[in-house]
Amino acid sequence: MEYFILILLGIPLLAFFVTLIIPKQEEYAIAAVVKTATGINFLLAIIFTIKWILNGAVNLHFNEFTILTSGHYSFYINLYADKLTFTFLLFGSLLTFLIGIFSQRYLHRESGYKRFFNVFLFFVFGFVLILFSGNFETMFIGWEILGISSFLLIAFYRERYLPVKNAVKVFSIYRIGDVGLILAMWMSHHLWGQNIAFYELDTIKGLHDTLVTHSSEATIIAILVFITASVKSAMFPFSSWLPRAMEGPTPSSAVFYGSLSVHIGAFLMLRTIHYWEDQFVVKIIIGSVGLLTFVLSNFTARVQSSIKSQIGYASIAQIGIIFIEIAAGLEVVALIHITANAFYRTYQLLISPSIVTYKIREQFYHFVPFKKTIEDSWPKRIEYTLYSLSIREWNLDSSMYRYWWVPLKKFGNLMTFLSIKRVAFFFIPVFGVGLILLSTYASMPPFYLHLLPILYGGLGMLMVLKAFTERRSVLTSWSLVIMNQAFILLAIAFNEHLSVLELSTFLSGVIISGIIGVLAIRRLKKLEKSVKLNAFYGHVYEHPKIALVFLLACLGLAGFPITPTFIGEDLLFSHIKENQLLLASMVAFSFVIDGIALIRIYSRVFLGPHIKTYHDVAKRSS
Amino acid sequence: MENHHTSFDLAHTIEHLKHYLPSQAPLKDFIHHNTLHAFQGDPFHVAMEKATTIFGYKVYLEINEYREAYKQGKISEAAFDKALKAIISPDQRSFFRTMLLNGPSNHSTEKRIGSVRKQWKKTYKVDMDSRVHPLLFRIISSYLDQGVATWHFPIHEKGFLASIRSLENNNYSSMFRSKRVKTLLKDESLTLEMALNVLLGDEQLYEHYLFDQQFAHPGWSGMVSVLEENPKALLNQKQISLYDLMLLECLFEIDVLDDVFGTKWEPISKYLTKTPKPLFSPVTSSIDFACYKIWQNAYEWSFYDEVLGAIQSSENEKQSEPKSPDFQALFCMDDRECSIRRHIESIDANCETFGTPGHFNLEFFFQPEGGKFVTKVCPVPAQPKVLIKEVENKIKKKKDHHFSQSNNGVFGGLFLTTITGWLAPFKLAKNIVKPSVSPLTSSSSKHMDPSAKLLIQGDGTAFEDGLQVGFTVDQMTDRLEGLLRSIGLVDHFAPLVYAVGHGSTSVNNTHYAGYDCGACSGRPGSVNARVIAWIGNNPEVRKRLKERGINIPFTTHFVGALHDTSRDEMQFFDTELLNESALKLHEQKEQLFQKALANNASERSRRFMSIDSSKPTSNVHEAVKKRTVSLFEPRPELNHATNALAVVGRRSLTKSVFLDRRAFMNSYDYAIDPEGRFLETILNAVAPVAGGINLEYYFSRVDNQQLGAGSKLPHNVVGLFGVTNGIDGDLRTGLPYQMVEVHDPVRLLVIVEHFPEVVLETIKRNPGTYNWFRENWVHLVVVHPETADLYRFENEAMHAYQVPSKKVEHSSDWMDEVLSTHENIHPFIIQQ
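Chains as they are written, first to last, in the working numbering: chain A, 50 to 671; chain B, 364 to 1195.
Rather than coming from a laboratory, the hints here were simulated on the basis of the structure. Beta carbons: idealized from backbone N, C-alpha and C, even for Gly. Among these hints, one or two may not hold up.
Unchecked claim - Straight-line distance between alpha carbons at most 27 Å, and here's what the computed DSSO-like set of lysine-lysine pairs gives:
{"id": "1", "chain 1": "B", "residue 1": "Lys521", "chain 2": "A", "residue 2": "Lys421"}
{"id": "2", "chain 1": "A", "residue 1": "Lys84", "chain 2": "B", "residue 2": "Lys988"}
{"id": "3", "chain 1": "A", "residue 1": "Lys408", "chain 2": "B", "residue 2": "Lys988"}
{"id": "4", "chain 1": "B", "residue 1": "Lys762", "chain 2": "A", "residue 2": "Lys420"}
{"id": "5", "chain 1": "A", "residue 1": "Lys458", "chain 2": "A", "residue 2": "Lys581"}
{"id": "6", "chain 1": "A", "residue 1": "Lys458", "chain 2": "A", "residue 2": "Lys73"}
{"id": "7", "chain 1": "B", "residue 1": "Lys488", "chain 2": "A", "residue 2": "Lys470"}
{"id": "8", "chain 1": "B", "residue 1": "Lys545", "chain 2": "B", "residue 2": "Lys627"}
{"id": "9", "chain 1": "A", "residue 1": "Lys163", "chain 2": "B", "residue 2": "Lys989"}
{"id": "10", "chain 1": "A", "residue 1": "Lys661", "chain 2": "B", "residue 2": "Lys640"}
{"id": "11", "chain 1": "B", "residue 1": "Lys989", "chain 2": "A", "residue 2": "Lys408"}
{"id": "12", "chain 1": "A", "residue 1": "Lys84", "chain 2": "B", "residue 2": "Lys797"}
{"id": "13", "chain 1": "B", "residue 1": "Lys793", "chain 2": "A", "residue 2": "Lys408"}
{"id": "14", "chain 1": "B", "residue 1": "Lys790", "chain 2": "A", "residue 2": "Lys408"}
{"id": "15", "chain 1": "A", "residue 1": "Lys408", "chain 2": "B", "residue 2": "Lys488"}
{"id": "16", "chain 1": "B", "residue 1": "Lys988", "chain 2": "A", "residue 2": "Lys459"}
Said to hold, decoys possible - Listed next, with one range per pair, are the computed distances between beta-carbon atoms:
{"id": "17", "chain 1": "A", "residue 1": "Met50", "chain 2": "B", "residue 2": "His1185", "range": "36 to 42 Å"}
{"id": "18", "chain 1": "B", "residue 1": "Ser769", "chain 2": "A", "residue 2": "Ile503", "range": "55 to 61 Å"}
{"id": "19", "chain 1": "B", "residue 1": "His470", "chain 2": "A", "residue 2": "Ala81", "range": "58 to 64 Å"}
{"id": "20", "chain 1": "A", "residue 1": "Asn462", "chain 2": "B", "residue 2": "Pro641", "range": "34 to 40 Å"}
One chain only, chain B, in its complex shape:
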């Protein structure tokens, strides 16, 4: 028997709530993550059915979209059959086949969330949300505001509810109408349970009610929960808690009811005829979801099979890596760098490119000169202990008075409006005709001044705010060694080795942080690239590296660079430190990069309707650059849209396969890592990072309204930390429609080149990583490095996998073909 007196455990409920609420950071730190991370304990499809049943999320494409894909051949007959056979017993197959192809397609689902709280509307005829939300949201956003308002929330010292209390206590007016609520708030011993008791009258309903209440505005609750856990996510830190928010919301609700009925109303429990189904009670699987599951698997494997088929049949085309390459270039593993590497290689067949997380194995904080804060430039979970400072920065920051606080002064407003108002149409006209970089632009090159100096090396004794200033030589050596070994670059160094970070340029883009490097905590990777190149050139480091078995010849020079992924421009750092011959060589390579960048821009332009890709490459490139600084361009680039693959292996594995821009690529050489030591590190990052990006795109695409942010066109910036639609709405989390519209929602397929038993053993080492694979939130296929046989990871084991035979296209002048379509392109083999 359950003990009813202790049926409500507040701490547990809050923890439970936080687990399910969106965990999206404020805009400036926007980082991709699995939107439905809370369900990750379950296998993917089980989790999907749960998420729909409990919270009403839409987690797959619409049935009609699958059918359309089937008709167009995007879902292959073979994959369809296979997916059907995999989960349906033979006697039921024909029934399911009919259901899948001709069954009803507009089935609505009931959700559990909201079932207690809807009593207000049903029984009491009170539209609670309409009356409580607008003011509640405005109070939270004013309290958390980072600098939109001119006049700030006047009290901050003692937490959210305490601040509201002092605001009310020292006031000639009140936010509340009800006397009872005013007295309740004054009482410092007031607890959430007391308020819940007034509203519900039955402890058993508390948890359900709080879920109903908070999931009526998951955006705000999620933000509060994130800031409670990590107050440092705001520059102007605020003390707030989910508890305070819920208590204040309950008070507002009592206030509304008192206002309508006086104090004579009865709590919800008096009117509930039957107890609603507990939110998290077991979910029974339905035929509808079996259908979704089959469709989704068929949809995914249709594409995977094409990729795997192409990889296998490219075996014959494989060329060995150049023995003495002209140059080598390290890029971020980011899927957007997939195509630029292909373009570089196609111009210079004798070069070598690598992929690795864009922080280049360096974990540190960066502080530009004059910066009041330090910026983390490594993966989010890392806790760096090193600070790298910039000195001698010469960039002047320009101002824009349209955001000046004086706009709301009595005379300032009048002055700014009447005088500068006249210039506005000219500014607007100029941006329409000839857009250029302005103080409004979020530009990757503003992250660091290339002419300023970085204090990279330290002796390990100087500290600032608990951070060690600069790396010691040993630390530098460790990091460089780790980097080089993980990507398999331990010998045959070319005269020039580029380390290319990436960032993005855009304007009028609230989600700008999501466009920069995820491995650098949503910042451009310029500092990391510059630092790793400096470390690579450091004679002391090279000496120690030689002792550890990696010999970098003195003829080799490292060069740091930044690739702007939206403009397709590259910036090179510290080239003045190169000697004459290296500089000369670099100047040649720079031209090669320019050409590759223009080609890359041209390839990207095929997705942009407003650009005619058949025009000369240089014109197209100009047009691509222009759109990054145009105020009216909501798509400066398409970011990670269409991502679907992660390749962990040597470049030769996929070098001759056209993967569009759909693959994260992490270089890795199984031969120097027989035990999978580096592989483990790589997969520990690939699963959550690439997997997280992939799933955020997936969910934002399939439920753009609830799990995505909807169209960005009506977005309104709130407090500098979030966006809403209009002025009364909930914060929108996830990705806007413009970022995901061309995305095909398929889970990530991780392709690893190694022996299957090593991979299996490796992924099992880290339970967190293993969970991703075991529960199928990402797929895993292993390519045997010697036989090129495929193994699919399924049910905790490796199974040999046969790709249904299908002819793979070969193409030598592929660029024209690629440019001829806006759509996704089937993988094909590039002939040299």
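Okay, chain A solo, but in the shape it has when bound:
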């Protein structure tokens, strides 16, 4: 029966590759592939579910296969299916099938027709992979795919400023969630001394008992996972990204931000329920955040004067309740609620343009000038306060700016003195010294052995912050990201011995992507005079091929699962000891900012309103 899982995963992936090679203008061919793939997947999902029920509905797991082993470390792909998987699979594949058909016509003659369906299928693949993932590592692959395809879908109208800005914003918030998952993976490695699969917690009592005996680690893992889930499900305090993700064509907002993407956080909580079901504190936290989210989002939804943001916040409010249900252990209730909410929001968004016709007609016949609402009966001062707070989304968006971006930028701006030359003069020698020190590794006093990883990790962090805030030179920013990776590697090497296999796994992607990136930028610089980071330049309009190559280089360098660096990152973590939370956080933080910095470079150079105005270029405010 397990081969079903492989087929369900294989079809969207295969379809994705097929649509990549179909020429742009062949709308029918592209649509046929999408409809066939999503249609077959929906059918298979039904057959698979029926078979699974007939076979007694036992949880399935697919024999893991190892991608890489190095000493004590192995990277497994592990697949798993239970009632949670099947519920999500059924409604997910139904919705993607319907939206696939819907979009075929809706997007007719849109210039990004092919691009839309490429990303659509990639998203579906990532989604299905998360549903079937049997361990954190596998899930993380799906997670990254979802992140990058979300970015591409939100920035679908890449020639305008706001979609690009919001795509970068959402991607950055998603990256915060990724830290949670990376660190959770790291901690559970150490907790069990191995890569743990979800089914093992379910079935092997000994493993589960570890959680009870190491309750503080278990609590931290649970909270890290919860942060990740909160980000994806737009819980407090991350809620404001969801309405801002509604920049793409309406059907993509409907299926991804109305239903699939936002409920993945709830999926993660249900998937990891065994990690925290015995932790009362964690349950209280989940429930309270759910409640708080419900209250705030409900108020916010009530004052929204735009239909999509209203539906977005109304959906978040329901997911708040879903989190309460999850915390209360009402798994089945939560699943029913999730499915209904996903269906309802998708449909509401799809028909949202009709609200004008409908409501204007309704008002024409049933007009009441000022309808009283419950709030009108409250004391004025309270009413006005709540109203203006709700209009401002309870400052959630501005706080994100104030307490996350501004400090990052300020910190990065402190290093404006770091020009590419100075970087070379200072950091290359420092790196050289590091290498020499490394060769004397064996004779080093233990104190330094503790200090050096932190020192080099810290320097690496400085570099990536600088890369993130660099406003002039693209190459400076790019090189800083590469150097950050090198410094991180050095920091880990001080910590524990790294084998040649491990080094090459990590470095291969970095080096290849690094070189490709440099070549792409140099090529672009030859053709264009404005290649900077000070604004958005929109070069994709004239150079779509260079843009694509550069995007791939960015993904490779960011440790996206297309190069071995992806495994390399996980591998590095296995060399951080369980008592080195500071180092682990530094490395995790570096990886997160790396990703954001790279997407920022890509967006600024290639996306947004084109700097040349011989064709129609959108206003910044549109």
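Following the hints, put chain B in place on chain A, whose structure we already have.
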């Protein structure tokens, strides 16, 4: 010497701003107009260069698009040469020829707008727009909201800024961080000049700055300006002004700067090293624009020449109008009715069709039974004094809970989501497989219940809200007479005379009002058609008409009808009032109309990629109907796309010329109007209405991002009055990409059949109308009714015009040819 102390005149600046801001009404009243009406004082090409230099609009096709058209022969060699010779002296022609064909094609232009305000980013490193816009837009839209939000903006009585002030004064939190701004807002004597002084410190910069600021979000500012001038454009009226908006925006800007720098920052004038070029200082013409001008003229005249050539060579094919026609049908002048008339005529050669503005010379308000408001159903500028009410309406209005306010209640939301959420996939699947009319559909037939009664006649003494209820007999007679004389239908009445209004059906379409009849203020023309038919059948009216020299025989019956232009369906009104023989005749004609409608749908389908036009006509017609109610169909019809001509003359002038669906057609008989009295009325409407539609399509096509609304696929409805992209953006004005993508941006060519001297004299009578022609915002060619010679209006005079000789195709089985291509079709002569 200029007096610097009085360099800033606020009232003047506001007026100036409003003149240039988009003047698009809320969605429900969407009406086409010239997007760049503000520049209409200048000749077209001069205005274009100004609009680009000052505001950065793109106003022509891209150079490469012209070159491509030239390569494909869409721009003819002859027209190219002519356009070149017209403005370039002989010694420079070869230089320009090279420039045009091989010069650089990716020249970027600098714009003046924004040059003062960009200092925030340049000198202060503050991204003002990003920090101010989202909240500012949300506040305006919440204040103006017509029913999207569940919980409304709580204060409304004293205007926008006063409402914000009371909201802030009674509040535990604040929208502002800066103490200074909070104090400023509390002070009721606060003026815009005070805020500007803080920001700029120099009066000379004020006007420029306000333009920069407001044109960073022209959509919102335009909406505020429209609503300030005409609060009645909203059902739920709101008091708002551009002044309040600008003041609030300045306060937000000070707040941002205070937040970043404390109160210690200096105004912009301290950092400006040189004064920026005044926005409206003279624009010097450039070589680039000379090239655009040549290309555009060549592009337009290549097409016009084909049309004029076809009209001239159709002289031999001309048939005289039938002496005793089987029936007569009056349609709207709308370009979409161009093809249905051709199809009707090709089925029954012995019928006669007419075109006239679709309100049928009737100006009134309509109030359906139970309606809380009255609806204007005549051209926008008209101020009707008559109200026509509907009684005995039996249509029940269905509900859709997806838009219910309870969605945001604590329990309502939970209930609706969890229970009805499960039905959503079935509804969606049903709409994908078998779409049908639902409460979401904007359907032309919902405008009026045909089984309800209309109170058309009144004695002129009953009034409601200052409107006279019903027309008096004299008023009815005047209007019918005016209508009939203007189209030249004064004798040889057929047994059946149809008056066909038009409307459109679509779903998920925020711009639905732009699909209905423009002459009826963006409403379907059903009521007007029904009323004019009733008037035409009224014996009292006929009696008086006879006294005035128009004798309608008692055997003639008027029938009102509605043509749904997206579904190609027709609905006939009050046929139960016909006598037996007339009814029988009508039933025959109804079948003829059905056939013509199916053919028309088939012809339209050639532009729809998703429909195979070679299938049997009835299948194609079904497919055409289906797409009007499909949620996923952004193009229920292509509306006015490809419009390019307006023909004012007898039907015989263009009856045998295939004009695709590109011509507005207003029937007019020069013979009964020697002084051009009716012509004047017609042109007073044709220039601004057809010209306005044409230019809105033109500008939305050439600059779909700034002057059009961009792709409609990501649109988000705000407050029921506008659309934005995403949730933080500016309101999008103009037409979405899906409406204009197949449009060729050519100005309207008005073709009038009359003596050139009469036409010249006529257009000069109304300065407003004359401006359109004189400044070339529309072109004018006159066809001499006796000699068929052509005269082109240019430089305020009529000049004889020779069409470069080119062979015009003839075709008898044209339908197959037409269906074989998606592209525009060259005019050809239809052989009977």
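Inset, instruction - Compare the structure with the hints numbered earlier in the document and write down the numbers of the violated ones, lowest to highest. - result: 6, 15, 16, 17 and 19
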